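Sequence order for the protein chains is A and B. Residue numbering for the first sequence follows my numbering, beginning at 1 and increasing consecutively. Residue numbering for the second sequence follows my numbering, beginning at 1 and increasing consecutively.
No wet-lab data here; the hints were simulated from the structure. Heads up, a few of these hints could be off.
Claimed, not checked - Here are the computed lysine to aspartate or glutamate pairs in the EDC-like style, where the Cα-Cα straight-line distance is at most 20 Å:
1) B:Lys298 with A:Glu256
2) B:Lys69 with A:Glu62
3) B:Lys233 with A:Glu196
4) B:Lys160 with B:Asp147
If you're wondering where the values come from, they're calculated on a predicted model, not measured in any experiment.
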Amino acid sequence: MKKAPWIILAIFILLIIGSQFFFTVDQTQQGILIQMGKPVGETLGPGIHFKLPFIQRVVRFEHRILVYDAAPAEILTEDKKNLVVDNYSKWQIIDPLKFYQTVRNIAGGQSRLDDIVYAQLRVELGLHTLTEVVSEARSILMEKVTVRSDKLAAAYGIKVVDVRIKRADLPEENERYVFDRMRAEREREAKRYRSEGMEKSIKIKTAADRDKAIILAQAYQEGQKIKGEGDMESIKIYADAMTKGPEFYDFIRSLEAYEKGLNNGITTFILTPDSEFLKFLNLKGASSK
Amino acid sequence: MPWDWEEYARRKGKVNVPFQIDQLREKWSRFQKFAGPPIVVVILILIWMLSGIYIVSPDEMGVVKRFGKMARLTTPGPHYHLPYPIETAIKPKVTKVRRLEIGFRTISPGPPAEYRSLPEESLMLTGDENIVSVEFITQYKIKDPVDYLFNVEDIPKTVKDAAEAAMRETVGKTTIDEVLTVGKFRVQQETKQLLQSILDRYRAGVMVVAVQLQEVHPPKAVIHAFKDVASAKEDKVKFVNEAEAYRNDLLPKAKGKAAQVINEAMAYKETKIKTAKGDTDRFLNMLKEYKKAPLITKKRLYLETIENILSKTRNIVVPAGAEKIVLPLGERTLPELKK
Numbered sequence: 001m002k003k004a005p006w007i008i009l010a011i012f013i014l015l016i017i018g019s020q021f022f023f024t025v026d027q028t029q030q031g032i033l034i035q036m037g038k039p040v041g042e043t044l045g046p047g048i049h050f051k052l053p054f055i056q057r058v059v060r061f062e063h064r065i066l067v068y069d070a071a072p073a074e075i076l077t078e079d080k081k082n083l084v085v086d087n088y089s090k091w092q093i094i095d096p097l098k099f100y101q102t103v104r105n106i107a108g109g110q111s112r113l114d115d116i117v118y119a120q121l122r123v124e125l126g127l128h129t130l131t132e133v134v135s136e137a138r139s140i141l142m143e144k145v146t147v148r149s150d151k152l153a154a155a156y157g158i159k160v161v162d163v164r165i166k167r168a169d170l171p172e173e174n175e176r177y178v179f180d181r182m183r184a185e186r187e188r189e190a191k192r193y194r195s196e197g198m199e200k201s202i203k204i205k206t207a208a209d210r211d212k213a214i215i216l217a218q219a220y221q222e223g224q225k226i227k228g229e230g231d232m233e234s235i236k237i238y239a240d241a242m243t244k245g246p247e248f249y250d251f252i253r254s255l256e257a258y259e260k261g262l263n264n265g266i267t268t269f270i271l272t273p274d275s276e277f278l279k280f281l282n283l284k285g286a287s288s289k
Numbered sequence: 001m002p003w004d005w006e007e008y009a010r011r012k013g014k015v016n017v018p019f020q021i022d023q024l025r026e027k028w029s030r031f032q033k034f035a036g037p038p039i040v041v042v043i044l045i046l047i048w049m050l051s052g053i054y055i056v057s058p059d060e061m062g063v064v065k066r067f068g069k070m071a072r073l074t075t076p077g078p079h080y081h082l083p084y085p086i087e088t089a090i091k092p093k094v095t096k097v098r099r100l101e102i103g104f105r106t107i108s109p110g111p112p113a114e115y116r117s118l119p120e121e122s123l124m125l126t127g128d129e130n131i132v133s134v135e136f137i138t139q140y141k142i143k144d145p146v147d148y149l150f151n152v153e154d155i156p157k158t159v160k161d162a163a164e165a166a167m168r169e170t171v172g173k174t175t176i177d178e179v180l181t182v183g184k185f186r187v188q189q190e191t192k193q194l195l196q197s198i199l200d201r202y203r204a205g206v207m208v209v210a211v212q213l214q215e216v217h218p219p220k221a222v223i224h225a226f227k228d229v230a231s232a233k234e235d236k237v238k239f240v241n242e243a244e245a246y247r248n249d250l251l252p253k254a255k256g257k258a259a260q261v262i263n264e265a266m267a268y269k270e271t272k273i274k275t276a277k278g279d280t281d282r283f284l285n286m287l288k289e290y291k292k293a294p295l296i297t298k299k300r301l302y303l304e305t306i307e308n309i310l311s312k313t314r315n316i317v318v319p320a321g322a323e324k325i326v327l328p329l330g331e332r333t334l335p336e337l338k339k
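Bound conformation, chain A alone (with noise of 0.2 Å):
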């Protein structure tokens, strides 16, 4: 009559033998078969796969690239100049079975990592200058590590997909230095731009003093060429009436003169009777005569 429990317990126990003979492998990993402690058999690839119970036992090693963030190190630079140098690496287990025989896990796989491409890294940033390691270099230095930390890791099954300097900054004590270089090259500039600005300036003012001059000068030259035709102008004139009669001209033209340089109502005149003026005043000459 109670045949259900039956039933869902015989699933259950079949589940579990089943269990016991199979296993399956995630898209994301790999896994080896190790027997009485000894690894059998090939890689297994992702799916289900069978195994003996009790006395295999699988390990599953992740078969994505992983990353290794390495903790940034001082390294010296060709031309012995400190650079910090925060780099991480990519890598894969490629071959689990060496991979488990040779550093076991993956923090075992990590430290292998470090001391390999630090190593590496030393090396190659050792044989470039600052600048190449931080501008044109930097590619093919890159490229070099990873390809030799590669072959260096192989030995434990282990890929190095890529090798690759996050940040490369100078020290404390040397930002400090880049930095007054920075302020000197800013204030250089500064300095440069506000000078250029008084050269303009005092271009355009000089010149304008320049025009105003010219211009007044050519002013004063025309000024004194028109002047001089007025005169020019007016002594031929003059000129020409006088030498109709020069006589009279000396005659009424000291006339003129007379009258307009003595009449200031100053002069004294001291006269006496024998003048022109006076000649009839003189009794005397006027009795004898």
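Given chain A, put chain B in place with the hints provided.
Using the frame of chain A, we list chain B on its own:
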């Protein structure tokens, strides 16, 4: 007197067993009699089978794994996979654009938004060995869901690390002035390309949508000097403007002055000529009349003039030869009146 339940129950002669268990058991046996045992199992199996129904949203892609192994891709809509533990479905959001902040973090999205700078992420060396602070964002989305899910561990960190490395490499090839001014667009483009090539190398299944520079500025320690350069540029313009103002003030005035000089000269010239003409006309007219009676005219003119002069001056008349005694005037003030 308190209630004694046991005493009370004994007196009643019956202990009350919890009724639910009895009832359930009864119901259960009745049910078994009615449906028979396999029904239960069939229902359970049915429920298990139905657990394989899943719906892929329009912004998703379905990835089905069978025993852990990637089996098939499914498009948006309702789908069925064999129930766990045979098959499982993952539904990554393939159209979603993910955003990473590098060099800064948003504290509150606002408004107004608040940000916090991370100097250790943002400060980097430029090609001319200056230091610049670069804050930027990276946007990416899934290019290939299979690669995205199964090839690389921790995609956000992978993208962030690679973006930092790519930005530093690009800025390392650029001068600080370029990074701060005209080179921004190029830096963005190059970083984006480099980042994409790095991620493709990992086969991360990620497409870089954009690399966008946010705040790019000199480090705090030197920002003052950089600002001073900007004000120096303005000073330069200011100096030039002032000089031009000076010129614009000076030259028109000079031109006016020049015109004045010329005008005065012309006035002088005309005056001279007209005066001369007037004088000579008068003279010629006089000459004409003079020629008719020269002697008498001359005498008349002379006397008129002398009269005119002497009427306005002080006159002293002394005998001839005594003029030197009268006053020690010296010879220079002694007018000559000889004619």
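We went through each hint and held it up to the structure:
1. B:Lys298 with A:Glu256: holds, 13 Å
2. B:Lys69 with A:Glu62: holds, 14 Å
3. B:Lys233 with A:Glu196: Given pair Lys233 of chain B, Glu196 of chain A holds - Cα atoms ~9 Å apart, limit 20 Å.
4. B:Lys160 with B:Asp147: holds, 18 Å
Hint compliance for this structure: every hint is met.
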